[in-house]
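There are 2 protein chains.
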Amino acid sequence: MENIFTDEYFMKKALQEAEMAFEKGEIPVGAVIVVNNIIIARSHNLTEMLNDVTAHAEMQSITAAANYLGGKYLKDCTLYVTLEPCQMCAGALYWSQISKIVFGARDEQRGFLSMGAKLHPKTTVVSGVMANEAADLMKRFFVSRRK
Amino acid sequence: MENIFTDEYFMKKALQEAEMAFEKGEIPVGAVIVVNNIIIARSHNLTEMLNDVTAHAEMQSITAAANYLGGKYLKDCTLYVTLEPCQMCAGALYWSQISKIVFGARDEQRGFLSMGAKLHPKTTVVSGVMANEAADLMKRFFVSRRK
Chain A
1 MENIFTDEYF MKKALQEAEM AFEKGEIPVG AVIVVNNIII ARSHNLTEML
51 NDVTAHAEMQ SITAAANYLG GKYLKDCTLY VTLEPCQMCA GALYWSQISK
101 IVFGARDEQR GFLSMGAKLH PKTTVVSGVM ANEAADLMKR FFVSRRK
Chain B
1 MENIFTDEYF MKKALQEAEM AFEKGEIPVG AVIVVNNIII ARSHNLTEML
51 NDVTAHAEMQ SITAAANYLG GKYLKDCTLY VTLEPCQMCA GALYWSQISK
101 IVFGARDEQR GFLSMGAKLH PKTTVVSGVM ANEAADLMKR FFVSRRK
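Each protein sequence line maps, in turn, to chains A and B.
Per UniProt numbering, residue 1 is the first one in the first sequence, and the count goes up by one each step.
Per UniProt numbering, residue 1 is the first one in the second sequence, and the count goes up by one each step.
These aren't lab readings, by the way, just hints derived from the structure by calculation.
Since the model is a prediction, treat every value here as computed from it, not as a measurement.
Please note: incorrect hints may appear among the correct ones.
The list cannot tell twin chains apart, which means a pair is met if one copy fits it or any two copies do.
[Unchecked claim] List of simulated lysine-lysine pairs, DSBU-like, C-alpha gap at most 30 angstroms:
1. LYS118 - LYS75
2. LYS100 - LYS118
3. LYS100 - LYS147
4. LYS118 - LYS147
5. LYS122 - LYS139
6. LYS139 - LYS75
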């Protein structure tokens, strides 16, 4: 039987979260955290609504997943996020020792790969999953803001 | 008239916060955020109590200060923190565009200077303020945990 729980399956859920951010006038980034094919956290960027630079989608999902698990380490968890994490979120993911990160579009300017933050050695990374969809959403957002 | 509002004055307040973390069994790091010599946020590490890797002293103070100011940018603010910020906290401070960071002890292993995260070009940094006091508190904590 075909496994429906692919990286694309969960990235679509993260993209739905990103769409929700878009509708609120937030930079459209969404995230989910998955363990054993179950989504235990879902979130989207809320920095404008909360007036809080720390309210990135990833940060909220890390906190929510730890709450769900009753422990701060995200062992056997996978984060799906539509955009490459920034150095703040990469730093939080480092502390969480999360098993896997799957992100969509690159963020050449503010992503952790360019800025220099490091992930935990236990963490594996997959990039480029539904990257075009995530990047298109970002482009639509910034075009709509310029009008 | 002598200015009592020195970096040492506010670092002592951050050290008091660190002592409160120590008493709770948390890694003893404390922080305050100051604008025009008024403390608008004070916090200490709560990662164990909250089961949340994001609950560093700095992160809590950034959120609290933004709440107080009604805006997410910490212009004209100074963060006093007893230990060199990690890459997560440096990343959050980057987004906040905070004016000044004063930290006490170096964190050679997990501090942002070794790990590679970057601060905002608008941010100035002063290090080593009451560093011995902050480092002694950390040493006392880890000795007490080994017993």
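Each hint, compared with the structure:
1. Both within a single protomer and between protomers do LYS118 and LYS75 lie at most 30 angstroms apart by alpha-carbon distance, with minima of 18 angstroms and 27 angstroms respectively.
2. For a Cα distance limit of 30 angstroms, the shortest separation of LYS100 from LYS118 qualifies both inside one copy, at 14 angstroms, and across copies, at 24 angstroms.
3. In this homomeric assembly, LYS100 and LYS147 never come within 30 angstroms of each other (Cα to Cα): the closest approach is 38 angstroms inside a single copy and 35 angstroms across copies.
4. For the identical chains of this complex, LYS118 and LYS147 are neighbours neither inside a copy (37 angstroms) nor across copies (32 angstroms), given an alpha-carbon limit of 30 angstroms.
5. For the homomeric pair LYS122 and LYS139, the shortest alpha-carbon distance between copies (27 angstroms) is at most 30 angstroms, but the shortest distance inside one copy (33 angstroms) is not.
6. For the homomeric pair LYS139 and LYS75, the shortest alpha-carbon distance between copies (29 angstroms) is at most 30 angstroms, but the shortest distance inside one copy (34 angstroms) is not.
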